[in-house]
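Asker: The sequence shown runs 1 to 76 under my numbering.
Please note that the accuracy of each hint is not assured.
Simulated DEER-style distance windows between Cβ atoms [to be verified]:
(1) P49 <-> L75: 22 to 30 Å
(2) T73 <-> Y19: 35 to 43 Å
(3) G51 <-> N29: 31 to 39 Å
(4) G14 <-> T41: 15 to 23 Å
(5) G1 <-> T23: 26 to 34 Å
(6) M25 <-> F55: 36 to 44 Å
(7) F55 <-> A2: 17 to 25 Å
In case anyone wonders, no lab produced these hints; they're calculated from the structure.
Source: prediction; values computed, not measured.
The beta-carbon is built from N, C-alpha and C at its ideal position, and this holds for glycine as well.
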Amino acid sequence: GASMFFICLFMHVGRGMYYGSYTFMETWNIGVVLLFAVMGTAFMGYVLPWGQMSFWGATVITNLLSAIPYIGTTLV
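All chains should be modelled from the sequences, with the hints used to inform the complete structure.
Answerer: Structural data, given as structure tokens:
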């Protein structure tokens, strides 16, 4: 279910880029904020059962966040 949702989401973003919707900055900014919110929700849903795969998934994502220059170590 979540994979199909993200496929539709990325198709929607691609359609917006194809038709030039990125020229409207307010629309683009709201879309980017919603994309990050959906990605965060999907991550929380993945980690929620807290099994072995969830633990290592959370470990990988937090290690990816620590690779961000200047602020990565404070995020983790």
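Asker: Each hint: holds or not?
Answerer: Now for the hints, and whether the structure bears them out:
1. P49 <-> L75: 22 to 30 Å: Holds, since P49 and L75 (Cβ atoms, about 24 Å apart) stay within the stated range.
2. T73 <-> Y19: 35 to 43 Å: holds (40 Å)
3. G51 <-> N29: 31 to 39 Å: The hinted range 31 to 39 Å holds for G51 and N29, with Cβ atoms some 36 Å apart.
4. G14 <-> T41: 15 to 23 Å: holds (21 Å)
5. G1 <-> T23: 26 to 34 Å: holds (33 Å)
6. M25 <-> F55: 36 to 44 Å: holds (40 Å)
7. F55 <-> A2: 17 to 25 Å: 19 Å Cβ-Cβ, so the 17 to 25 Å window holds.
No hint from the list above goes unmet by this structure.
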